[in-house]
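A.B. asks: Sequence:
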Amino acid sequence: MSRPTVLISGASIAGPTAASWMAAAGWDVTVVERFDHLRDEGQNVDVRGNGREVLRRMGLEDAVRAHHTSETGVACVDADGHPYATFPAGTDDVGGVTAELEILRGQLSRIVYDHSAGSAEYLFGDRITALHDDGRGVDVEFAHSPARRFDAVVIAEGSRSRTRTLVFPDTDIDELGLLAVYATIPRTPGDDRQWRVFWGGRGRLVHVRPDNVGSTRAMLSLQSDVRGLDRLDRADVVTVLRETYGDLGWETPRILAALDDAPLYVDQIARVRLPTWHRGRVALLGDAAWCAGPFGTGTTTALAGAYVLAGELGATPDDVPAAFARYESTIRPLADRAQARVLPRHAHPRARWQQSLLRAGLRIAAGPVGDALGRIPALDRTPPADAIALPDHGALTRAA
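According to UniProt numbering, the sequence shown is numbered sequentially starting from 1.
Please keep in mind that the hints were generated in silico from the structure rather than gathered at the bench.
The structure presented is a predicted model; accordingly, all values stated were derived computationally and were not measured.
Virtual Cβ for every residue (Gly too), placed ideally from N, Cα, C.
Do not take every clue at face value.
Label-pair restraints from in silico Cβ distances [as the list claims (entries may be wrong)]:
1) Ala235 to Asp62: 42 to 52 Å
2) Asp236 to Asp62: 19 to 29 Å
3) Ala351 to Gly59: 45 to 55 Å
4) Arg148 to Arg193: 16 to 26 Å
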């Protein structure tokens, strides 16, 4: 009897992770990626709770730990760089504003890709252009490769996935009014191992984080209802940032000066809401299904979702829709809790009184009172990373 076939679109983190698990479950796996190479760049991400457990079951936790950014915690600083509230990295799988296990997105992508490359076919520089599900299989057309037929298709792309619109044209994209610009800048002797955050007022935040490759990761985040900034040319983006942040102190001048040469990534943050993640033999995975924004949840839910999806397909390869339904019922509580706690406007105060209130709350949360009250849950906007009990897929877990 021939092995069932699955096509995964997207080779970031969710896609290669799913590829490993699906191959272990007895599926022939093909992964298509529109870029012509593995994108191993990106900023800091954390792995905790359910996500870390998936890496353990893959035997990859030590490899991820070896690429730890060595970030020791978060320091909230004033315009002179003086900290007024500090939060240590979490020391367990779940807790902490920043996780004890931080890694660059590109390095994690490389690790899970390398783990899957020997058991999956990768088509780089290609993309899906059409899907036809006749109930018995899915006929797929590509931009460059010959058309093929698969038993299942998984779309593991980003929040603004074009492939998703072929099957889910009614996707609700909830614009959060938050622009995030990520830059990699030269490291200086004053850069320590903390994630340092400066609130500049009028909805502006400046972040500086360590990495493990000798540079520093900077982020400028802005609460704004202006749309389309992520579609501007690079030079126009730099001009807007310098006009918007030019009056701020601390490390802001250094970051703005480095923008001409720094690798940049611009993201207009959005939340994806869908009543279902699957239709027939096609399912969504990761940000394409449940993106909640860059708030410490995307990597964990991507890893957990990939594991559960593969396990369910392995359990009933002859009933793909039922497997997709079980996958969604298991993962949706984790994704829903992540989305429910996304409050970017609270973290990006515009008025002075709002900023003063936030600073006071951070001081309390970082002090003895906050310790006594468990860091004051109302101030903790990091969603629970262990919201579900990962199923034990038995032979699948051992095979991976």
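A.B. asks: Against this structure, judge whether each hint is valid.
C.D. replies: These are the hints, each one checked on the structure:
1. For Ala235 and Asp62, the hinted distance range of 42 to 52 Å is satisfied, since their beta carbons lie about 43 Å from each other.
2. At about 44 Å, the beta-carbon gap between Asp236 and Asp62 misses the expected band of 19 to 29 Å.
3. Here the CB-CB span from Ala351 to Gly59 is close to 50 Å, well matched to the stated 45 to 55 Å.
4. Distance hint check for Arg148 and Arg193: the Cβ-Cβ separation is about 48 Å, which falls outside the suggested range of 16 to 26 Å.
Hint compliance for this structure: hints 2, 4 are broken, all remaining hints hold.
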